[in-house]
Amino acid sequence: MKENEVNITAEQAQASLDAVRKINTDAVETQRPPWWFLILSSAAYGMMSFSYSSMKHENTWAVGLIISGAVFFLLFLFLYYSYRLMGIKLKMWPTSKSSTHIYAIYALLFGVVFAGARELTVVGFDWVAYAGGAICAIGFFTMTYLYPTGEPLNTPTSKQ
Amino acid sequence: MADETCFDTLIHAPNRLQICAMLATAAEIEFKVLRDHLDVSDSVLSKHIKVLQEAGYVVLIKRSDFGRQRSWLSLSSGGRKAYTGHVNELKRIVGEV
Numbered sequence: 010m011k012e013n014e015v016n017i018t019a020e021q022a023q024a025s026l027d028a029v030r031k032i033n034t035d036a037v038e039t040q041r042p043p044w045w046f047l048i049l050s051s052a053a054y055g056m057m058s059f060s061y062s063s064m065k066h067e068n069t070w071a072v073g074l075i076i077s078g079a080v081f082f083l084l085f086l087f088l089y090y091s092y093r094l095m096g097i098k099l100k101m102w103p104t105s106k107s108s109t110h111i112y113a114i115y116a117l118l119f120g121v122v123f124a125g126a127r128e129l130t131v132v133g134f135d136w137v138a139y140a141g142g143a144i145c146a147i148g149f150f151t152m153t154y155l156y157p158t159g160e161p162l163n164t165p166t167s168k169q
Numbered sequence: 012m013a014d015e016t017c018f019d020t021l022i023h024a025p026n027r028l029q030i031c032a033m034l035a036t037a038a039e040i041e042f043k044v045l046r047d048h049l050d051v052s053d054s055v056l057s058k059h060i061k062v063l064q065e066a067g068y069v070v071l072i073k074r075s076d077f078g079r080q081r082s083w084l085s086l087s088s089g090g091r092k093a094y095t096g097h098v099n100e101l102k103r104i105v106g107e108v
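Respectively, the protein sequence lines represent chains C and Y. Numbering-wise (our numbering), the first sequence opens with residue 10 and increments by one. Numbering-wise (our numbering), the second sequence opens with residue 12 and increments by one.
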């Protein structure tokens, strides 16, 4: 049996890690938003991207952007408030290196798709607005479903 | 940059490790939610929270919501660092890193 300088065996360390992982799994399941929220917020987010890409002087997609943005914001406000009533204050900002990575992927994915879809639609590729909206909606749904706590499951790491 | 690893005997106690693991997933968690998740009594949880508070790892804030007093717990930045360092050390021991 392997021992280290603090007299803890690898088996004991593994048991402790398993306990941490069980708690993390419980937390993810507790903090995972309900299906209706995931569907509505993803649809609103996809609609935001589509509306932004489709905005032109002669159409009213700016209204679509405002409405979908408001719906998205209100949904998150509702989620935050309802979780708070249940006794959990959700994290708004990354607090570890691993969660910083996840937030960076969010920012990169959605920033690039948002801006890229808009630029390509403006120069005439109309189908990109639909593709951008779909990518944003599916990406947002997947990320929110997999990482509701903003932390990758089972891999707590430190932030320096 | 390598992750910091440091075995923390204070955090290593099973209940305290679970408290830190739970608190690390949210900004703040109410006392009774934590108690229900860990399936321990009020007194047991209070005892462990007190130890973690005295070490500066956990912050306890009492707020009144809708006329009801609620105790909210969160990991301090030092507590978060100690917890992640401890978990990283456990991973190092089992050879995951």
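It cannot be assumed that every hint is accurate.
Below, computed lysine-lysine pairings styled on DSS-like, alpha-carbon distance capped at 25 Å [as the list claims (entries may be wrong)]:
{"#": "1", "chain 1": "Y", "residue 1": "Lys-73", "chain 2": "Y", "residue 2": "Lys-102"}
{"#": "2", "chain 1": "C", "residue 1": "Lys-31", "chain 2": "Y", "residue 2": "Lys-58"}
{"#": "3", "chain 1": "C", "residue 1": "Lys-65", "chain 2": "Y", "residue 2": "Lys-61"}
{"#": "4", "chain 1": "Y", "residue 1": "Lys-102", "chain 2": "Y", "residue 2": "Lys-92"}
{"#": "5", "chain 1": "C", "residue 1": "Lys-98", "chain 2": "Y", "residue 2": "Lys-102"}
{"#": "6", "chain 1": "Y", "residue 1": "Lys-92", "chain 2": "C", "residue 2": "Lys-106"}
Covered stretches of chain C, going by a simulated chain Y footprint (3 or more residues, C-beta under 8 Å) [what the hints assert, rightly or not]:
{"#": "7", "segment": "19-29"}
{"#": "8", "segment": "32-39"}
{"#": "9", "segment": "80-87"}
Calculated directly from the structure, the hints in this document are not laboratory data. No experiment lies behind these values; they were computed from the predicted model shown. Glycine is no exception: its CB is placed at the ideal position from the N, C-alpha and C atoms.
*Report the numbers of all earlier hints that the structure fails to satisfy, in ascending order.*
Hints 1, 3, 5 and 9 not satisfied by this model.
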